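Asker: What follows is each chain in one-letter form.
Protein chains: 2
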Amino acid sequence: MDFSSKLIEEAVNAFSSLPGIGKKTALRLVIHLLQSDIQKTEKFSHSLLKMRTEIKFCTNCHNVSDENICNICSNQRRDNTTICVVENFRDILSIENTHHYHGTYHVLDGLISPIEGIGPDKLNIPSLINRIEKGEVKELIMALNPTIDGDTTIFYLSKIVSKYGIKITTIARGISFGGELEYVDDITLGRSISARLPFENYLSGQ
Amino acid sequence: MDFSSKLIEEAVNAFSSLPGIGKKTALRLVIHLLQSDIQKTEKFSHSLLKMRTEIKFCTNCHNVSDENICNICSNQRRDNTTICVVENFRDILSIENTHHYHGTYHVLDGLISPIEGIGPDKLNIPSLINRIEKGEVKELIMALNPTIDGDTTIFYLSKIVSKYGIKITTIARGISFGGELEYVDDITLGRSISARLPFENYLSGQ
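From first to last, the protein sequence lines are chains A and B. Final position of the first sequence in our numbering is 246; the numbers increase by one with none missing. Final position of the second sequence in our numbering is 246; the numbers increase by one with none missing.
The following block holds chain A by itself, in its conformation from the complex:
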């Protein structure tokens, strides 16, 4: 596309450098900003810059935070005997939105991946061990993606924390609610038959 203005071209390029935004969408967004008050663009730019420069990571669980300790770790009503281990802070948002979990989290910042050369030393594992060594933790919930990397990470973590004698669980895998058997892949369907539950559990939602 050939713009009559260098300023517009740069703004379009800025937007289209973001994932999932092409040149046409970028132009539409730039035109929107042009047609809105100048204050809108000022506020927009300012809030992004402020977010990126002032964001902190919780020193306890590595979640994104406005303070040194995130509001989940500092919340006295959360059960800090249970730690849910996740790959990144986005997973925390997803789990929090379910309102089904009231423990704390630990963000690994990745998964062990021999193919991509990511070893355990690149993940936030020492801080997890530190938290366990304080003696309060009773259960580690592994809420990692059901992939080879996820399973490798679960296996590695389960081995190195085995000496502390804490319970290790993984989130349940099976058929999605509202899903249709016809479209479920073989492995999931096979495992969900092996891991069948008593009907009473189903009724109580456990």
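Keep in mind that the hints were calculated from the coordinates and are not lab data. Bear in mind that the values here come from a model prediction, so they are computed numbers and not experimental data. Glycine included, C-beta positions come from ideal geometry on N, C-alpha and C. Check each hint, because a few of them may be wrong.
Chain A is faced by these chain B residues, among others (derived, beta-carbon under 10 Å) [stated by the list, open to error]:
(1) Val70
(2) Arg130
(3) Leu133
(4) Lys178
(5) Ile181
(6) Met182
Using the hints, position chain B against chain A.
Answerer: Only chain B this time, still in chain A's reference frame:
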């Protein structure tokens, strides 16, 4: 959605205030910025702010521009005896991308719309008359949307410029290239039969 960080919440709200961007997409964009260098966010914010604060409008044709006169009006190789009248600067981009037009433009900044209370006095019509009164213009091409407002505007303009004795044309309406007759609406199909062209014109692409 419940964010653990006010900074992230504000950045997500900033993105989702743009048209066509929902909360989930906004979060994805924020996470992208968080995972990229801090310089990326700085450059992004800076180019938008610079665009919005420094953009000018051509004093001749009202196109967006980095200077007081846009690079189409100041281009000596453009034919300034022909003016293509458009609704907004976005239409200029579309027409320029066709590489079929070598004249100049005039941006009305809207269309006459009795329903929305937009009268001729709110459009850039006086500056168009000024340009015509200089005596060089030979043709006005009306490249306005084929809507009631577009037609009203064409009719109004054709009346007020009739005394200058210049040629007034409208862009051709008909079947799209690659379109299928089956899906064309009745009015367009009917008119394209009435306005049929000699086959030689079709071959020469005129």
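Asker: Sort out which numbered hints this structure fails and list those numbers smallest first.
Answerer: Of the numbered hints given earlier, those the structure breaks are 4, 5, 6, listed in rising order.
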